[in-house]
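Protein chains: 4
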Amino acid sequence: MSPAAPLPTDDATHWVLTLSCPDRPGIVHAVAGLLAEHGGNITESQQFGDPLSGLFFMRVQVTASVARPVLEAALEALTREFDLTWSLDISGRPVRTLVMGSTAAHCLNDLAFRQRSESLPIELVAVVSNHTVLEPLAEFYGIPFHHVPVTAATKADAEARLLALVEELDVELVVLARYMQILSDDLCRALSGRVINIHHSFLPSFKGARPYAQAHDRGVKLIGATAHYVTGDLDEGPIIEQDVERVDHSRAVEDLVALGQDVERRALARAVRWHAEHRVLLDGHRTIVFR
Amino acid sequence: MSPAAPLPTDDATHWVLTLSCPDRPGIVHAVAGLLAEHGGNITESQQFGDPLSGLFFMRVQVTASVARPVLEAALEALTREFDLTWSLDISGRPVRTLVMGSTAAHCLNDLAFRQRSESLPIELVAVVSNHTVLEPLAEFYGIPFHHVPVTAATKADAEARLLALVEELDVELVVLARYMQILSDDLCRALSGRVINIHHSFLPSFKGARPYAQAHDRGVKLIGATAHYVTGDLDEGPIIEQDVERVDHSRAVEDLVALGQDVERRALARAVRWHAEHRVLLDGHRTIVFR
Amino acid sequence: MSPAAPLPTDDATHWVLTLSCPDRPGIVHAVAGLLAEHGGNITESQQFGDPLSGLFFMRVQVTASVARPVLEAALEALTREFDLTWSLDISGRPVRTLVMGSTAAHCLNDLAFRQRSESLPIELVAVVSNHTVLEPLAEFYGIPFHHVPVTAATKADAEARLLALVEELDVELVVLARYMQILSDDLCRALSGRVINIHHSFLPSFKGARPYAQAHDRGVKLIGATAHYVTGDLDEGPIIEQDVERVDHSRAVEDLVALGQDVERRALARAVRWHAEHRVLLDGHRTIVFR
Amino acid sequence: MSPAAPLPTDDATHWVLTLSCPDRPGIVHAVAGLLAEHGGNITESQQFGDPLSGLFFMRVQVTASVARPVLEAALEALTREFDLTWSLDISGRPVRTLVMGSTAAHCLNDLAFRQRSESLPIELVAVVSNHTVLEPLAEFYGIPFHHVPVTAATKADAEARLLALVEELDVELVVLARYMQILSDDLCRALSGRVINIHHSFLPSFKGARPYAQAHDRGVKLIGATAHYVTGDLDEGPIIEQDVERVDHSRAVEDLVALGQDVERRALARAVRWHAEHRVLLDGHRTIVFR
Numbered sequence: 001m002s003p004a005a006p007l008p009t010d011d012a013t014h015w016v017l018t019l020s021c022p023d024r025p026g027i028v029h030a031v032a033g034l035l036a037e038h039g040g041n042i043t044e045s046q047q048f049g050d051p052l053s054g055l056f057f058m059r060v061q062v063t064a065s066v067a068r069p070v071l072e073a074a075l076e077a078l079t080r081e082f083d084l085t086w087s088l089d090i091s092g093r094p095v096r097t098l099v100m101g102s103t104a105a106h107c108l109n110d111l112a113f114r115q116r117s118e119s120l121p122i123e124l125v126a127v128v129s130n131h132t133v134l135e136p137l138a139e140f141y142g143i144p145f146h147h148v149p150v151t152a153a154t155k156a157d158a159e160a161r162l163l164a165l166v167e168e169l170d171v172e173l174v175v176l177a178r179y180m181q182i183l184s185d186d187l188c189r190a191l192s193g194r195v196i197n198i199h200h201s202f203l204p205s206f207k208g209a210r211p212y213a214q215a216h217d218r219g220v221k222l223i224g225a226t227a228h229y230v231t232g233d234l235d236e237g238p239i240i241e242q243d244v245e246r247v248d249h250s251r252a253v254e255d256l257v258a259l260g261q262d263v264e265r266r267a268l269a270r271a272v273r274w275h276a277e278h279r280v281l282l283d284g285h286r287t288i289v290f291r
Numbered sequence: 001m002s003p004a005a006p007l008p009t010d011d012a013t014h015w016v017l018t019l020s021c022p023d024r025p026g027i028v029h030a031v032a033g034l035l036a037e038h039g040g041n042i043t044e045s046q047q048f049g050d051p052l053s054g055l056f057f058m059r060v061q062v063t064a065s066v067a068r069p070v071l072e073a074a075l076e077a078l079t080r081e082f083d084l085t086w087s088l089d090i091s092g093r094p095v096r097t098l099v100m101g102s103t104a105a106h107c108l109n110d111l112a113f114r115q116r117s118e119s120l121p122i123e124l125v126a127v128v129s130n131h132t133v134l135e136p137l138a139e140f141y142g143i144p145f146h147h148v149p150v151t152a153a154t155k156a157d158a159e160a161r162l163l164a165l166v167e168e169l170d171v172e173l174v175v176l177a178r179y180m181q182i183l184s185d186d187l188c189r190a191l192s193g194r195v196i197n198i199h200h201s202f203l204p205s206f207k208g209a210r211p212y213a214q215a216h217d218r219g220v221k222l223i224g225a226t227a228h229y230v231t232g233d234l235d236e237g238p239i240i241e242q243d244v245e246r247v248d249h250s251r252a253v254e255d256l257v258a259l260g261q262d263v264e265r266r267a268l269a270r271a272v273r274w275h276a277e278h279r280v281l282l283d284g285h286r287t288i289v290f291r
Numbered sequence: 001m002s003p004a005a006p007l008p009t010d011d012a013t014h015w016v017l018t019l020s021c022p023d024r025p026g027i028v029h030a031v032a033g034l035l036a037e038h039g040g041n042i043t044e045s046q047q048f049g050d051p052l053s054g055l056f057f058m059r060v061q062v063t064a065s066v067a068r069p070v071l072e073a074a075l076e077a078l079t080r081e082f083d084l085t086w087s088l089d090i091s092g093r094p095v096r097t098l099v100m101g102s103t104a105a106h107c108l109n110d111l112a113f114r115q116r117s118e119s120l121p122i123e124l125v126a127v128v129s130n131h132t133v134l135e136p137l138a139e140f141y142g143i144p145f146h147h148v149p150v151t152a153a154t155k156a157d158a159e160a161r162l163l164a165l166v167e168e169l170d171v172e173l174v175v176l177a178r179y180m181q182i183l184s185d186d187l188c189r190a191l192s193g194r195v196i197n198i199h200h201s202f203l204p205s206f207k208g209a210r211p212y213a214q215a216h217d218r219g220v221k222l223i224g225a226t227a228h229y230v231t232g233d234l235d236e237g238p239i240i241e242q243d244v245e246r247v248d249h250s251r252a253v254e255d256l257v258a259l260g261q262d263v264e265r266r267a268l269a270r271a272v273r274w275h276a277e278h279r280v281l282l283d284g285h286r287t288i289v290f291r
Numbered sequence: 001m002s003p004a005a006p007l008p009t010d011d012a013t014h015w016v017l018t019l020s021c022p023d024r025p026g027i028v029h030a031v032a033g034l035l036a037e038h039g040g041n042i043t044e045s046q047q048f049g050d051p052l053s054g055l056f057f058m059r060v061q062v063t064a065s066v067a068r069p070v071l072e073a074a075l076e077a078l079t080r081e082f083d084l085t086w087s088l089d090i091s092g093r094p095v096r097t098l099v100m101g102s103t104a105a106h107c108l109n110d111l112a113f114r115q116r117s118e119s120l121p122i123e124l125v126a127v128v129s130n131h132t133v134l135e136p137l138a139e140f141y142g143i144p145f146h147h148v149p150v151t152a153a154t155k156a157d158a159e160a161r162l163l164a165l166v167e168e169l170d171v172e173l174v175v176l177a178r179y180m181q182i183l184s185d186d187l188c189r190a191l192s193g194r195v196i197n198i199h200h201s202f203l204p205s206f207k208g209a210r211p212y213a214q215a216h217d218r219g220v221k222l223i224g225a226t227a228h229y230v231t232g233d234l235d236e237g238p239i240i241e242q243d244v245e246r247v248d249h250s251r252a253v254e255d256l257v258a259l260g261q262d263v264e265r266r267a268l269a270r271a272v273r274w275h276a277e278h279r280v281l282l283d284g285h286r287t288i289v290f291r
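Protein chains in written order, with UniProt numbering: chain Y, 1 to 291; chain L, 1 to 291; chain A, 1 to 291; chain H, 1 to 291.
Since the hints were made in silico from the structure, they are not lab data.
Where a beta carbon is used, it is the ideal one built from N, C-alpha and C, also for glycine.
Heads up, some of the hints might be wrong.
As the list claims (entries may be wrong) - Cross-link-like lysine-lysine pairs, in silico, DSS-like; alpha carbons within 27 Å at most:
(1) L:Lys155 / L:Lys207
(2) H:Lys207 / H:Lys155
(3) A:Lys207 / A:Lys155
(4) A:Lys207 / H:Lys207
(5) Y:Lys207 / L:Lys207
(6) Y:Lys155 / Y:Lys207
Said to hold, decoys possible - Label pairs and their in silico Cβ distance ranges:
(7) H:Ala67 / Y:Gly54: 24 to 30 Å
(8) A:Ser250 / L:Ala252: 21 to 27 Å
(9) A:Gly92 / L:Pro22: 24 to 30 Å
Use the sequences and the hints to build the structure in full.
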């Protein structure tokens, strides 16, 4: 197939390819060449070479009438040459997502609404909660609800049940939507890179419990929220997105909590979208976000 | 003089009155009554009762043809009844300000420019620096420049010289415009409530040295700046204003430094303006800002 | 009752009083005096004198153990002296609200969710739509749904039915939540000051139809939304709130539409909250918003 | 030279290449190939295919030890194949810039300060003004000042003098920094794509004269500024950057003017930086901005 072949054809697929490798000349040319060889037309492309880590990162969207195994085989060849780490997906394919929450509904409501009305590319396959408050909302959006209570005694069982659900339902992404339980180190490791949490402060300010009370006491003039990947190190995982809202002295702690809900859902929705669109790549404990 | 007397008359003065006292009914009525008795017309008024501290705060701008001693005597009477703390000034009177800097010019340039062209109500009576880089800029704006080098050995002398300048020049406000020396506890105490610092991070994140390097390492998605009153407790003084700017993975530390300059000068300029307009009141270790 | 009486007592009511009148000395004193006489403790107070219109505007929240008729009688006396226009309400009382929509659900979803979870002080008494898409959402939130189709032939009947509903249900506020029909002049007049619309552009840019397509064609770098009172003059009513979001060249019209939904619901929710909290006063064709 | 040659070498140059052409498969591969052949290492790359205009746009930064004529010859070959329009420059080379102003100094002050302290990649070769107010500021920054008064009678002469200066001084960019004269159609055409204006409103709102007065009268809640290329069609040129600031009812027209200065200089500084870094490409009457 020639690079000049008219595209997109009727049966072309829109692929999204992300990759990273040690930085050196010729990568872009090699990747662009591979895609051109398979009749691909690049519709979006971003790249970044990190001078600190010495790593090169790339995300390409390409329209091509090519079977996945063919493209994968070609990428394997490149992998050996450039020491690539890559992933290939169909652009816009909904990512199978499980949401964990406790009693606050704003993040779940936001994600479910955006999934339905704004083509947020996720499929909500389960809501898991240690309370039952969120059940009617889950039901309204047709998402199976699992009540998994957690006590000190049952925590291990509860996490086992979560892991079983992740397996059974082919869950690709777990979203902690103001879930008020701390995951164990083992669970964090098992789901590494697949769990996004929304922390209700502008990290690294106000780690830990009751961040709005801490923010109020410090007299800050902006409150924030941070969406980040979960690691065993609480509130220290790679940051995906942050946002803030202006407040003033007249706001009580409960006002900060209410105002904060807007910032939380906004930051979380963006982080989930970028993750689901394969725009977030890990560079050590920091993220590359190709928006 | 009757409250209905036509105002403002030609020789009326525009006053700004700020006060705080234990919260209880009748304060607003008493203050408004006092002002009405003296023919005052209130042009701006804000108030706040803090349920935590139990204190009431008020700022009033009023036009009145009344001599200062008369108004002060009336306020003294109220002081006894309501346990008031108050201050009275002529609205818009330039506050005598001394700027301390090291080598970065952006904050000094911004304040001096705004003073000249945007009626920022300050009078810049001196620039004090441990370097000479800022001298031409100070000269251009007609501000006397004082080179006061600081070493471990001369620090006490340097601070004595600063205090002497503050006294001689009737300095009301000291602005640390990216001054890279830490003030001694004694100096902080001596100038308490009269020193504003701009810290180049979104406090309480990244206290201490090299905040942009810390921010870069943590991979934050917003960088910030914090204007605060200086206390002996480094980077812990009452916050007056904060602002942020969006950054992404492609920004190196030196980019954050450059971008941060915009946030710093913006937050500092607002804090200085609000202080000079008597809009900032202290409520313990937090500020009330009547914007 | 003495002004020093301990307050709030157990049966004190939290009132919100808004007023406007020709500006002249003594108003604040008179109002504060009236409230003090009735044992009121002012908890929040804002005022503004407009030098252009010569009008004075005030909003006071006050806790007082006083019957409404007593307070109203006192205000009537003041009305004659100062030519006041005033309104008195119980602070936080939910405003009876009717939402009109067509097919887009984001604004209705947002208002209903905030009403339930963030104490937005409205009571949603009806959803009226010329389509049926919004019925399940209304049902989920327990809001009676009225399907009122509109054609050129039935427009007058549809508006009559809306007016009848407004009357029957004691509707105080009508929210046009992306309702895609233009109200007749007569209806606008009949409901003057009680209808808030969200226009999907930063007015006065891009009035009329398809504002996102207009914005895309003009190549703007920010898109916006405007919440305003509806008048007979389309898209020209008094603006209550505006907000914007950054976009770039890569965004197609449909991206702007999706991004715009966030801005629309944010601006609308704020405008509805401020209206319901009696924070919005009309000053000719502009609004005073006491936030 | 092999693509794997170790780079950057000591004498490598950092190039920036921008190009546009009709969109079709193979362009990225061809460009990346050309650069790889000349030992180039791509350090930054952005691209965009506009589905409306059918045009493809690309900006590449590349480090390569290659002489300019060699690179240009290679690009010429590609030009014929892909119908390219391209430009090649040394990354970071200061663009020769002439600033026109009248009496407001904030934009000139900002550009000159950023040029000196933030490595804004421009060289300020002249300030031209119909007043003399800006002369001391130009002098302080060592920029030759040209006083060119403009009256109805002398307008043609004044423009001729400006064009002569542009020629003599090899001016690449003219910045209208609140220059209060309208350029003639002929001049706009002669300098097409090389003149950036800052308009003190959020275009297309409030075109023409006194935009802040218009904004105040309309009661907007945000004021804005727009940096755009100048065309013969006043205030209709391609938009490069826009920004806004929140205002409220208490702001008089002169407050909007003062607040607006911050927005103006911010939007203008970004537009000038992006232009000087070859990040702005024209796509009909809209701009592609590769930030």
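To see whether the hints hold, each was checked on the structure:
1. L:Lys155 / L:Lys207: Cα-Cα ~23 Å, so holds.
2. H:Lys207 / H:Lys155: Within the cut-off at roughly 23 Å; holds.
3. A:Lys207 / A:Lys155: Roughly 23 Å separates the two Cα atoms, so the pair holds.
4. A:Lys207 / H:Lys207: holds (15 Å)
5. Y:Lys207 / L:Lys207: At roughly 15 Å apart (the allowed maximum being 27 Å), lysine 207 of chain L and lysine 207 of chain Y satisfy the hint.
6. Y:Lys155 / Y:Lys207: The given pair, whose Cα atoms are some 23 Å apart, holds under the 27 Å limit.
7. H:Ala67 / Y:Gly54: 24 to 30 Å: Between alanine 67 of chain H and glycine 54 of chain Y, where Cβ atoms are some 29 Å apart, the hint holds.
8. A:Ser250 / L:Ala252: 21 to 27 Å: Given range 21 to 27 Å: holds, Cβ gap about 24 Å.
9. A:Gly92 / L:Pro22: 24 to 30 Å: Taking Cβ atoms as reference, glycine 92 of chain A and proline 22 of chain L lie about 26 Å apart, which means the hint holds.
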